[in-house]
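Visitor: Note that the protein sequences, when read in sequence, are chains A and B. The first sequence runs 588 to 661 under the numbering used here. The second sequence runs 159 to 351 under the numbering used here.
Worth double-checking, as some hints may not be accurate.
[What the hints assert, rightly or not] Listed below are the simulated SDA-like cross-link pairs for lysine to any residue, each with C-alpha atoms no more than 25 Å apart in a straight line:
| hint | chain 1 | residue 1 | chain 2 | residue 2 |
| --- | --- | --- | --- | --- |
| 1 | A | Lys635 | B | Tyr240 |
| 2 | B | Lys322 | B | Lys335 |
| 3 | B | Lys335 | A | Tyr598 |
In short, the hints are calculated from the structure, not lab data.
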Amino acid sequence: MNCRECAEHLYEYLDRELTPELERELRAHLDECPPCGEHHDFEALFLKFVRARCRAQGAPPELRRRILRELFEE
Amino acid sequence: MPAPTPPAPVDEKRASFEREALVHLDSLYRVAQRLTGNAADADDLVQETMLKAYRSWDQYTKGTNAKGWLLTILRNSFINEYRRRTRHPESVDIDAIEPFAVFQDVQEEDPQGAFFDRIVDDEVLRAIDGLPETFRETVVLSDVEGLSYQEIARILKVPVGTVKSRLFRARQMLQRKLYDYAVGMGYIKGSKT
Chain A
588 MNCRECAEHL YEYLDRELTP ELERELRAHL DECPPCGEHH DFEALFLKFV
638 RARCRAQGAP PELRRRILRE LFEE
Chain B
159 MPAPTPPAPV DEKRASFERE ALVHLDSLYR VAQRLTGNAA DADDLVQETM
209 LKAYRSWDQY TKGTNAKGWL LTILRNSFIN EYRRRTRHPE SVDIDAIEPF
259 AVFQDVQEED PQGAFFDRIV DDEVLRAIDG LPETFRETVV LSDVEGLSYQ
309 EIARILKVPV GTVKSRLFRA RQMLQRKLYD YAVGMGYIKG SKT
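Work out the full structure: start from the sequences and follow the hints.
Guide: This is the structure we're talking about:
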């Protein structure tokens, strides 16, 4: 696998969506190519960051109560 | 106190709904917020979704993928009833959008992406809200809610390849927005003049 193919499949790799064979090829490339390794780390951090920033908020307690009332107290 | 009675079917229905559906309330709410863009509509959309889901609970095969099932109901309701009066779907020429590689711009100055740490929750949510709808929903289902490409494809009724390409571009656009913001705030110098 070359650097261009690696960049192309990087998200699928991070999302664990590659076939086992491609996954092996990509991992092998990352091991031997430090710039792609850095790129991988950067994208991995970005995805972790987005998830952490967006999951803080849950449904408001009032909405939960409203739904329970609607569903079960009719 | 009423005398103890054997559990009625309605109690079983309620119990399984609580166990399998209501546990996803936070996820539904987060997705609804990003789709509608405001708290009041998000509340209504989630409530309606839960009502519809409870009414058709018999059609759901217990123990399968409740989250995907609920999100499908939520998105269909959004398209049918909310989108018309809230946000309008932008027509996006996906191929006209240049894929950006933020990493190339920060490679020298901040290859570890330390600038991300300085960007607060609200700013990230605002950046997501600024994405075209097709990208926004894909990124939320994947990066916030952790669904697989297959699950997202099923909810959005598009091929898996489309999910893949949307996700690629959505992430690049989101990165670019956050990078521009970080440069504007002086968190990072930036490589562009």
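Visitor: Each hint needs a verdict: does it hold in this structure or not?
Guide: Against the structure, the hints come out as follows:
1. Lys635(A) with Tyr240(B): This hinted pair is violated, its Cα atoms lying about 31 Å apart.
2. Lys322(B) with Lys335(B): Holds, at about 20 Å.
3. Lys335(B) with Tyr598(A): holds, 18 Å
Hint compliance for this structure: hint 1 alone is broken.
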